[in-house]
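Colleague: The lines below spell out each chain.
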Amino acid sequence: MRILVVEDDPDLSRQLKQALSDAGYAVDHAPDGEEGQYLGENEPYDAIVLDLGLPKIDGVSVLEQWRRGGLATPVLILTARGAWSEKVAGFDAGADDYLTKPFHTEELLARLRALLRRAAGHAAPSLSCGGLRLDPRAARASVNGEPLRLTSLEYRLLHYLMMHQGRVIGRSELVEHLYDQDFDRDSNTIEVFIGRLRKKIGNDRIETVRGLGYRLAPLAGESAEG
Amino acid sequence: MKKRGAPFDLETLRRPSLVRSLIWMAAVLGLIALVTAGAAMTWFFQHSALNRVEAQLNEKLDDLYAGTTVESYPTGPEVIAPALTDQAALRAYSGHYWEIAEPDGKGGLKVIQPSRSLFDADIKPPADGVARLKPGAPIHYYDSAGPNRQRLRVAARAAILPPYPRPVIFLTADDRSDLDHDSRRFAELALIALALAGSALIGGVVLQVRVGLRPLFRLQDQVADVRKGKADRVGTDYPVELTPLASELNALLDHNQEVVERQRTHVGNLAHALKTPLSVMQAEAEQRPNDPLAEVVARQALTMREQVDHHLRRARAAARAQGLGERTEVAPVLDELSRTLERIFGERGVMIDWDAEDDLVFRGERQDLLELIGNVMENACKWCRRRVRAVAEPDGPGFLKVTVADDGPGLPEDQREAVLRRGERLDENAPGSGLGLSIVEELAKAYGGAVSLGESGWGGLLVELRLPQAEA
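If you read the sequences in order, they're chains A and B.
The numbering used here puts the first residue of the first sequence at 82, with every later residue one more than the last.
The numbering used here puts the first residue of the second sequence at -5, with every later residue one more than the last.
Don't read these hints as lab results, they were simulated from the structure.
These numbers were taken from a predicted model, which means no experiment stands behind them.
Beta carbons: idealized from backbone N, C-alpha and C, even for Gly.
Incorrect hints may appear among the rest.
[To be verified] Listed below are several chain A residues computed to face chain B (Cβ distance under 10 Å; list not exhaustive): (1) 89; (2) 92; (3) 167; (4) 187.
[Said to hold, decoys possible] The calculated lysine to any residue pairs, modelled on SDA-like cross-linking and capped at a C-alpha distance of 20 Å, are: (5) A:137 / B:267; (6) B:395 / B:451; (7) A:281 / B:323; (8) A:280 / B:347; (9) A:98 / B:272; (10) A:137 / B:263; (11) A:281 / B:353; (12) A:280 / B:351; (13) A:98 / B:271.
Input sequences plus hints: build the corresponding full structure.
Modeller: Structural data, given as structure tokens:
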């Protein structure tokens, strides 16, 4: 397992490298955003530990460029900035986890293990429909290359629609697949989620077939793109 | 006007008011001008009417004097009145009279020849006596009572007509009732006209002041909007006199914003600067389990971290207190937090759904709303089995309510208050570090809101946040 650490503080970098090596990982280190971005793009890492306050290019920008370039490697953000606005920005940029300084080394190792396990667990191929892409391995979706920001219910809904694109899917079927068995099912909320999903992926992508259900329309999207 | 500004009480009335002083000034000046104009007009009318009457009296007096002759009879000289053609002077009590007389030596008049219209009456001498009627003196005009309760204007002069031994006094008199009546009518009409003009003037002034000061009231409303969070700046489309005030206000708001931003940045930088060394010290200490120095370092690093967090929160709260006119839509915040937390708790398969109307707006900063709801939702994610639900809705005028429910074990009723009051951690046993609901309570109070705990429909904990709502 090969891990990239992007961190500018020399002492912390030394500690991280030591701890990760001790845990059995191969570790590369980049002291600034520029080098970090280059390494991330060009070396096959299994996971990346990324600081946000970096010289040259800040961590969020580095992460955004990786994700835009299609890099699916799990990224754990390590930062002193623990406010929710900063966490949200980090996850929106494409982070998979977020750890606030000061932290315990054990916790970092545990989170990394979880990330690696998660990334290895899903081996399903990615789905596409028009400009829409969905990557079940990273649990990410994008429209025309722009990452989509979906909640898990929205993601599940899109996933199911994409797996059955072109077919009309009834509301009860959607409810069935959206919620687990032990959930109380309120079929009215399906409309709410369809509405939100339409806002995020474009209004004409999901057709309402009156009395029957919904259908993801591949052609409408493609013709709109020209 | 009452709805603007302070309540309409005596204290408000006692303070100087632009509107009142402008109206008062215009009213007083207008009143003085109108009364003066009215008095002058009435006086002028009366004066010129009297002049006309006196001119006629004068003419008749001249005719009378010119036509009067003195004949010498054996009994002595006698004054002979002319045969005047004035028909009116023939009709009894017609209001037009003449008389030729001589002093009776006792201050009165002895009639020599009256006009026929006088019938059995005579023209009274001046009140201050006949002495002032000296030959050669200018014509004397005076008022006197006449027959039939008429008021007469009298013209009188004395002349020596030799060989008549005594001065002869000529008097002509006209009834002045018509003149007085006309004068009174004129004065009445003038009064009515001027009163109307006066009210129109005051009405006009009131209107002018209200309309003229309207931009001022508009500015007041806009500043209130900024304070209420309806707007973040005041407009700039004001008259030239108010534009500088509006731009100064905007500059002040900008400055305010800038100070808040700078403080935030500063605080964030400080956190970053301190937390990395703390991490290093902590990690270094952890590697030497049995070293007493490492133990001290670890303990002190923890204290330092708590101190840093505490002071960061205080600095942020201070910065927040200056923030004005901030608005944050609630729905996107719930969406962002749901996505973020689902990633953080992805390992456990936590599923979050949220509901909020699109036009629900929090009156305050986005960072703070994220902090408030983020902490509550994170807490719910830590304790739930699978599900968390966040719902935001309006809660009475000026407030909104965010309820976060989970399907975890919940919290016994007797512990709920203690958790909020003492700022105890709800998450002591859950993995990860965090300060739980104490931060939330502190922040919500800073916004004039509140936090309360209850039981969710799933039997877990229900946290209700009451926060200020910005008007749409």
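Colleague: Among all the numbered hints in the text so far, which are the ones the structure does not match?
Modeller: none
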